[in-house]
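Peer 1: The chain contents come next:
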Amino acid sequence: MTSPRLLVGGALLLAGVAVLAIGFGSVAIAPGDVISILARQLFGVGEAAQGAGATSIVMELRLPRILAAILVGAALAVAGGAFQSLLRNPLADPYVLGTSSGAALGAAIAILLPIGGVAWELGGVQLAAFLGALASVGLVWRVAGIGSGEERIASVLLVGYAVASLLAAALSLVMLASGANLRAIFSFLLGGLDGATWPRLAAAALPLIAATTLLALRGRALAGFLLGDEAAQHLGVDVQRERRIAVALASLATAAAVALAGLIGFVGLVVPHLVRLAVGPDPRAVLPLSAIGGALLLLLADTIARSIGVPVGVITALIGAPFLLWLLHRARTGYAL
Amino acid sequence: MSTEFAMQIDPSYELIGARNVRVEIGGKLILDEINLKIGVGERVAIVGANGAGKTSLLRALSGTLPVASGEVILCTEPLGGLSRATIARSIAVVGADLMLPFATRADELVALGRLPHGRGPSGPTAHDRERAAAALERVGASHLAARDVRTLSAGEKQLIAIALGLAQETPILALDEPTVHLDLKHRVEIADLLVSLADRARTVVAIFHEIDMVRQLFPRVILMKSGRIVADGSPESVLTAARIADAWGIPQERAARL
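Quick mapping for you: the protein sequence lines, in order, are chains F and B. For what it's worth, this note's numbering labels the leading residue of the first sequence as 1, then goes sequentially. For what it's worth, this note's numbering labels the leading residue of the second sequence as 338, then goes sequentially.
Only chain F is shown next, with the shape it has when bound in the complex (with noise of 0.2 Å):
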């Protein structure tokens, strides 16, 4: 009842602070302009008031970068959201699973493999990407015992936490045998969208728009892994069928995020828990929410981030990791979230 007006809140509040992201930067462009200029170019409505310098800072520059915040933050979101769901499972993300290093190390090796032409770059890195998250999930998911009745909690998130750091040694490994400088791996690492231009945005924005999309959709599915798996099954889910493509979705979504923007954590963590706080647990009201809440979080810590020139990484992480000591100290004297 609420949540299709919060949602509709939520879509004007992330569309003016993108006029607003738009405008920031070491030229000021005032958010009449950014509109006016945003208008013409993409709508062919108004007339030509501002210099082409201003129109070329606003559409090569920023625009890509801005739609790239939101396109990742969604999906990052929405797919932890969505594997909080799946796993019952408070502390779950793409970053804490491991599915993120699983794609950052499926994109790395495809960046680095000596193939070179445009195909390759926009699809076999998204496809090299998407393979790595798949079988990072693959893999926690059968070590962990996922869906056979025995998983913990707990044990879910140390297998995922030794997937993660296996491949992000990995990762180290495969840039530093290639010879890619350590300030390559570093940045990739940490994350960061000032690789968003408009190519790789249009070769990320198809699956990111898509995975979302259709995962933000399948709440009623979720809503039933509430009460554990064979609750879901009482309700009406076909559980096996519905984690199979949940979490193709989730990974799909963390695949192409990555490949865009590298390692971001903790949106996909905080977010969801932030939306639940307001909504309550039902996953079609959190998962459409999150996708407009992540985008938020990621285009103002992206901008913070642009301002004082460190990665964006740092800036979730700054803002992340305290929240999730709060949530462990919470689970931990054992008062409801």
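A portion of the hints provided could be inaccurate.
Listed below are several chain B residues computed to face chain F (Cβ distance under 10 Å; list not exhaustive) [what the hints assert, rightly or not]:
1) 423
2) 425
3) 457
It should be emphasised that the hints constitute simulated quantities derived from the structure, not laboratory data. Beta carbons: idealized from backbone N, C-alpha and C, even for Gly.
Position chain B relative to chain F; hints supplied.
Peer 2: Okay, now just chain B, sitting in the frame of chain F:
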């Protein structure tokens, strides 16, 4: 809706049926030679020692445990051919324990019972919320609607779990040990509620450990041992000292005093 119609015109309507059902898990025999027929408005208790196959029987009858051979019937149709959603509109299964990963209001939880009645991505409709509120009221738990289920007592949680099953609006309500871990007051409360819930439109099937309570409240008792149904009938005919002694492995003179 044809289900309700058939139930009203035909008292012999086969709500639940099992014909020679056999279930194996990993080569181990779990259920064997299960034959039963449960009709409209019955109140059936399933009893037996731990490991006798009571929960497995409920799982086989609700399609969450695949049968190796034989056939399960749900609302006169072979269960094997029904979708999960169709099954969920026919039988609601109330589990032994409510464990929730996130803070969840009781009314939000009970509204999940409406899942099999809807489609698409939208959340609970006004009708769903109304049915959930009615289910909460039916179990006498309206005052708990805004509480986080995780902070409720065991007895209160059980009421919410039953309300969740009622919100599914199924002709069959099945419960797995609804009175386990409860004190006497809540045990009596839940037992009386179950008796009042069984009527022409709703059959209640429940697993119990308390034989005295079953004797008083359930007109039909199914006794299980080692994956088989060893007796099925009135409490007087099923819960004899000899059968109790055999099923639970206790001396007959001791069983006579239960």
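Peer 1: With reference to the structure, classify each hint as holding or not holding.
Peer 2: Against the structure, the hints:
1. 423: holds (8 Å)
2. 425: At about 3 Å, which falls below the 10 Å cut-off, the nearest Cβ of chain F leaves the hint on residue 425(B) intact, so it holds.
3. 457: holds (7 Å)
Going through the hint list in order, the structure satisfies each hint without exception.
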